[in-house]
Each structure stands twice: as structure tokens, then as C-alpha cells.
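Peer 1: Could you put together the complete structure from these sequences and hints?
Start counting the sequence shown at 1; every next residue gets the next number (the UniProt record's numbering).
Hint data in this document are derived by calculation from the structure and do not stem from the laboratory.
A hint or two may mislead.
[Claimed, not checked] Pairs of lysine to aspartate or glutamate residues, derived as DMTMM-like cross-links and limited to a Cα-Cα distance of at most 20 Å, are as follows: (1) K355 x D313; (2) K416 x E484; (3) K138 x D291; (4) K79 x E105; (5) K79 x D113; (6) K188 x E284; (7) K138 x D156; (8) K466 x E450; (9) K397 x E356; (10) K138 x D294; (11) K188 x E283; (12) K345 x E356; (13) K264 x E225; (14) K138 x E160; (15) K103 x E62; (16) K79 x E353; (17) K327 x E316; (18) K381 x E399; (19) K331 x E444; (20) K355 x E399; (21) K413 x E484; (22) K188 x E286; (23) K196 x E284; (24) K381 x D419; (25) K138 x E284; (26) K138 x E155; (27) K413 x E480; (28) K349 x E450; (29) K397 x E163; (30) K355 x E341; (31) K397 x E99; (32) K103 x E73; (33) K452 x E494; (34) K452 x E482.
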Amino acid sequence: MSKQRQLIAAVDMGSSSFRMIVARVEELNGQSQIYIIDTLREPVRLGAGLNAQKYLDDASQERALGALSRFGERLRSFKPGEVRAVATNAVRVARNAVEFIGKAEAALGFPIDVISGVEEARLVYCGVAHQLPIGQGKRLVVDIGGGSTEFIIGEDYEPEAMESLYIGCVSTAQQYFADGSISPRAMKNAVMAARKEVAVLRRQMLDMGWTHAIGSSGTARALAEICVSNGFTQHGMSAEGLHLIREHVSAAGHLDNITLEGLKVDRLPMMPGGLAVMSAVFEELEIEHMDVTDGALRQGLLYDMLGRQHNEDMREITVAQFLHRYKIDSKHAGKVKVLAELLFKQLMKQLPELKEQLPMLHWAAMLHEIGLSIGHNGHHKHAAYILSNADMPGFSKREQQLLSTWVLAHNGKLGKVSDLANTAVHWAAPMCLRLAALFLRRREVEALPELKVKLLEQGIQMSVPKNWLITHPLTQYSLETEVEQWQRIGLQLELLTRR
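Peer 2: So, in C-alpha cells, the structure goes:
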């Protein structure tokens, strides 16, 4: 009997609150179990700091950076692979997201991934599924955040439909109850606006059906607490209970006049917005009762991290699905992957920190011809567009952009990816992919010679057998052309021949 322990942590930078969860992982006879040992929450209200031009204002950034620095202190003893931090809707839509994320990562001390709405939905369902018993049929999971709401239908641990809408408790509160004033008309308008958004999912969700409706957000738990504390329902929340809350809130006239039992002070500013969105969800999806769970995005992050450690990486599944969906020549892609990795591992001997990019190089190689599904001309540009914009479960926005850039760089002129020329950490992997694709362009079953590469200060030195080049004039010409292409973005490809 072997027993191992480790600590892992997840940080959820929501549009309303920032949350951190620390857990102990215990492995017993090959089975892993997560035990929560610490949680932190700060009501940052990042989404409230988005101005009309979609820029995060200074005040909201200061609140966010302060919270992250405090989280960072708790995580000071953690290693990079033991922490996963994600940002959701407020950062997704912010025009100054790149600048903010740089400061946020410095404050936290760990990388931060900006995830898509669909990826957020997948992680939410992962967290919820691990908190509930299996074998109870299909579930509808609704997670109302500060700026977006995720809808997932799934059974046991498998999500079957995942959607994300740009409606949330903070954004709705800002639009309809900005100064704290509440009226029946404002509440009706807020509900109708939210219903209009949810209506696009109505038919799909109702046709799929579900056995249980589950709320997983702070909004759901807050509304359920109000329903139970005021005797509107025995557990969870009901359509009738939400109606009674709306009547009370609308009649109050102002936030300060709301006297409902169970309503926490820090939830008060967002509560009318969350109430309007939840009411719209109940009405459009014809829900009579919804239970709530503590499982949510941050728990999903923990289980997703655990899966990656045990070779159950959702990104591998996504790449496999893309190979099938876009009818990619997986045999040829596999050969490019092997050669690209062979070259890259030689460079890793000189620069060990490159190792963490190996999985991304693997996936970029397997997907580098995805653009052929649209057309051959400019297929690398088509591929870049697909990888940048498609829903890719398991991948963060940053990872998708990295894949997109690397695949764009594998063919054609390099001017479009000139930013890669900063350091070897940026250009080593895509340049190995580019060289691998070049050598395998003929797609013939022919053994390649031993290719030797090493890092230069700003480029790569490649050694190729002279006799092989003489018998492969097209490849020799392509390599000579590559030298010019690399020079245009400030990189050096030094070609050497040997016996």
C-alpha cells in the first residue's frame, strides 16, 4: 500500500470575486482524492471596472492586484506545476487585458490563463460533477458569473452541451441598478433583456432535457440561502421563491431598503442583477426547482490539473477530435511531429527551460495542416484562424494563440510573425516545426539523413550531409531561401554540410 501527498492550488479571477482554493491530493493504490484545506475569497468586482470602451479602470486593477498579491503570499512555497490561475469574462473582453495580465502575473507569482466561455463551462461542469453522485441522469448546470453565464448539460462526468452567454450579475446590475435604485419597471426590463439572451439556447436545451437543475455560482448559492432563510423553499431555490424575492426587491426601491433574511452584505450590490438573470433562466428554460452545489470553476481547475498529471489531458482529446473533424492527414502530421521534436530536443540540451514547450510543439505539429480543410492556397493562414477562434476544450486563450502563431509560422513569409524573434524561448519551437515541415514537404516514404542542430545567439545552426543535399536539390534550394526569410526577422539560419 503506497500513499503519497502533494498540495495543489487554483485561482479563479472572476468578474465579481477572486477565489483561491488549496487542496491536498492523496494517492492511495493508484487512486487520487482531493481534500480542500484552505479557501480565500475577495470581492474584487473586476467587471465593474470595465468602462464604456471596455478598458479596465485603475481602481479595479488596484483591487485585483492587491488581492492577487495576498493570494501570492499564500502560494509562495508552491512550484509552477502546482498552481493553475485563470481569468474569465472581465479579462476576456478587456481591451487592456495584455497589460493587466502582465501586472497580475507579477503580483500572483504564477502564469494566468485567460480562458474562453466554453472552456469555463467545461471546467465548471468538471467541478460540479466531482461534487455530486453519479448515476442520477442528465444534469443542467447553470453558473451565473459577474459578466457571463455558463450553461452545461451532461451526465456523470461527461458534458454533452456547453454554452456561454454575455450576461452576468455585475454587468446586469450596472446596466439596470447602477445607482442602487430598484423599481418594478427596471427589474422587468432586466429580466426581459436576460431572457432575450437565454432564448437562443432554449430550444437546444429543452430538446436535450435533464433530470436535475444545478446552480453552481455564488449567485445561485446566495439566492438559495435567501429562499431557505425566508421559508420560500426547504432547499435550493424554486420558481415561486424567486418570484417572491423579486416582489420584495422591486418594492424596496433601493438596495439599502432590502431586508431579506440570509442576504449577505457583500452580495448586496450584485444581488438584483443576479436575481434578474436567474429569473430569466428559470422562465426561459421552464425550471421549477434548482439545487445548488459548492463545486464550481476552481474545483474543476483542481481536477483538470490532476487529470493532466495522470495523462488524462483534455487537450489531447481536443487535438484527436480536430484530427478527425478536419480530416487531417494524421500519418504525415505524425512524421512532422517526430522530426520537429527530434530537432527541438537537441536545442533543449542547451536551453533546458524549453522543455515545457514540448507538448505545445507536439499539438502544433499534429494540427499544422488543419487549414487544408478550407483550401490549399494560404492554408497556414486558414489554420491560424481556426486555431485562434475555434472552441478548443482544455486550451487557454494564450495557448490557442500560441498554437495559431506557430502554425502560421510553419510556412510562407516570416514577416507576419516577426515578434517571435525576441528570444530563443519564443522562436525555437516554431522554427523547428518550420524546418520539419520543409524536410517532409514531398510526403514520400524515404529515410531522412541525420540532422544536427544547435542554438546560436540569435538563431540555429543546422548540419546536413553534403551528398544528401546534392541528391535533393529542391530541399537545398528551400533551405537557402529559408536563410533569407530568417534574416528578415533578425534570426540566423546557419547551414553547414558534412560528409
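Peer 1: Does each hint fit the structure? Answer for all of them.
Peer 2: Evaluated hints:
1. As the CA atoms of K355 and D313 are separated by approximately 17 Å, the hinted pair is consistent with the 20 Å bound.
2. Restraint check for K416 and E484: satisfied, since their Cα atoms lie roughly 15 Å apart, inside the 20 Å limit.
3. For the suggested pair K138 and D291, the alpha carbons sit about 14 Å apart, so the restraint of at most 20 Å is met.
4. Between K79 and E105 the CA atoms are separated by roughly 14 Å; this keeps the pair inside 20 Å, and the hint holds.
5. With a C-alpha separation of about 17 Å, the suggested pair K79 and D113 falls inside the 20 Å cut-off, and the hint holds.
6. About 14 Å separates the Cα atoms of K188 and E284, which keeps this hinted pair within 20 Å; it holds.
7. Distance check on the hinted pair: K138 and D156 sit about 7 Å apart at the alpha-carbon level, within 20 Å; holds.
8. For the proposed pair K466 and E450, the alpha carbon gap of about 11 Å is at most 20 Å, so the pair holds.
9. Restraint check: the Cα-Cα separation between K397 and E356 comes to about 17 Å, which is no more than 20 Å; the hinted pair holds.
10. The hinted pair formed by K138 and D294 meets the criterion: a straight-line CA distance of about 19 Å does not exceed 20 Å.
11. Of the pairs offered as hints, the one joining K188 and E283 holds, with about 13 Å between alpha carbons and a cut-off of 20 Å not exceeded.
12. The straight-line distance between the Cα atoms of K345 and E356 is roughly 11 Å, inside the 20 Å bound, and the hint therefore holds.
13. A distance of roughly 9 Å separates the Cα atoms of K264 and E225; the hinted pair therefore holds under the 20 Å criterion.
14. With a CA separation close to 9 Å, the supplied pair K138 and E160 stays within the 20 Å bound.
15. In summary, the hint linking K103 to E62 is supported, as the alpha carbons are separated by about 10 Å, within the 20 Å threshold.
16. The straight-line distance between the Cα atoms of K79 and E353 is roughly 15 Å, inside the 20 Å bound, and the hint therefore holds.
17. About 16 Å separates the Cα atoms of K327 and E316, which keeps this hinted pair within 20 Å; it holds.
18. Between K381 and E399 the CA atoms are separated by roughly 17 Å; this keeps the pair inside 20 Å, and the hint holds.
19. Pair hint K331 plus E444 holds up; C-alpha atoms about 12 Å apart against a cutoff of 20 Å.
20. A distance of roughly 16 Å separates the Cα atoms of K355 and E399; the hinted pair therefore holds under the 20 Å criterion.
21. Taken as a hint, the K413 and E484 pair is honoured in the structure, with Cα atoms around 10 Å apart against an allowance of 20 Å.
22. Only pairs whose Cα atoms come within 20 Å are accepted, and K188 paired with E286 is accepted, the gap being roughly 18 Å.
23. For a cut-off of 20 Å, the pair hint linking K196 to E284 stands: about 9 Å separates their Cα positions.
24. For the suggested pair K381 and D419, the alpha carbons sit about 17 Å apart, so the restraint of at most 20 Å is met.
25. The suggested pairing of K138 with E284 holds, with an alpha-carbon distance near 19 Å, which does not exceed 20 Å.
26. As the CA atoms of K138 and E155 are separated by approximately 5 Å, the hinted pair is consistent with the 20 Å bound.
27. Pair hint K413 plus E480 holds up; C-alpha atoms about 14 Å apart against a cutoff of 20 Å.
28. Among the hinted pairs, K349 with E450 is consistent with the structure: their alpha-carbon atoms are about 17 Å apart, no more than 20 Å.
29. For a cut-off of 20 Å, the pair hint linking K397 to E163 stands: about 16 Å separates their Cα positions.
30. Distance check on the hinted pair: K355 and E341 sit about 10 Å apart at the alpha-carbon level, within 20 Å; holds.
31. Distance check on the hinted pair: K397 and E99 sit about 15 Å apart at the alpha-carbon level, within 20 Å; holds.
32. Of the pairs offered as hints, the one joining K103 and E73 holds, with about 16 Å between alpha carbons and a cut-off of 20 Å not exceeded.
33. The straight-line distance between the Cα atoms of K452 and E494 is roughly 12 Å, inside the 20 Å bound, and the hint therefore holds.
34. Distance check on the hinted pair: K452 and E482 sit about 17 Å apart at the alpha-carbon level, within 20 Å; holds.
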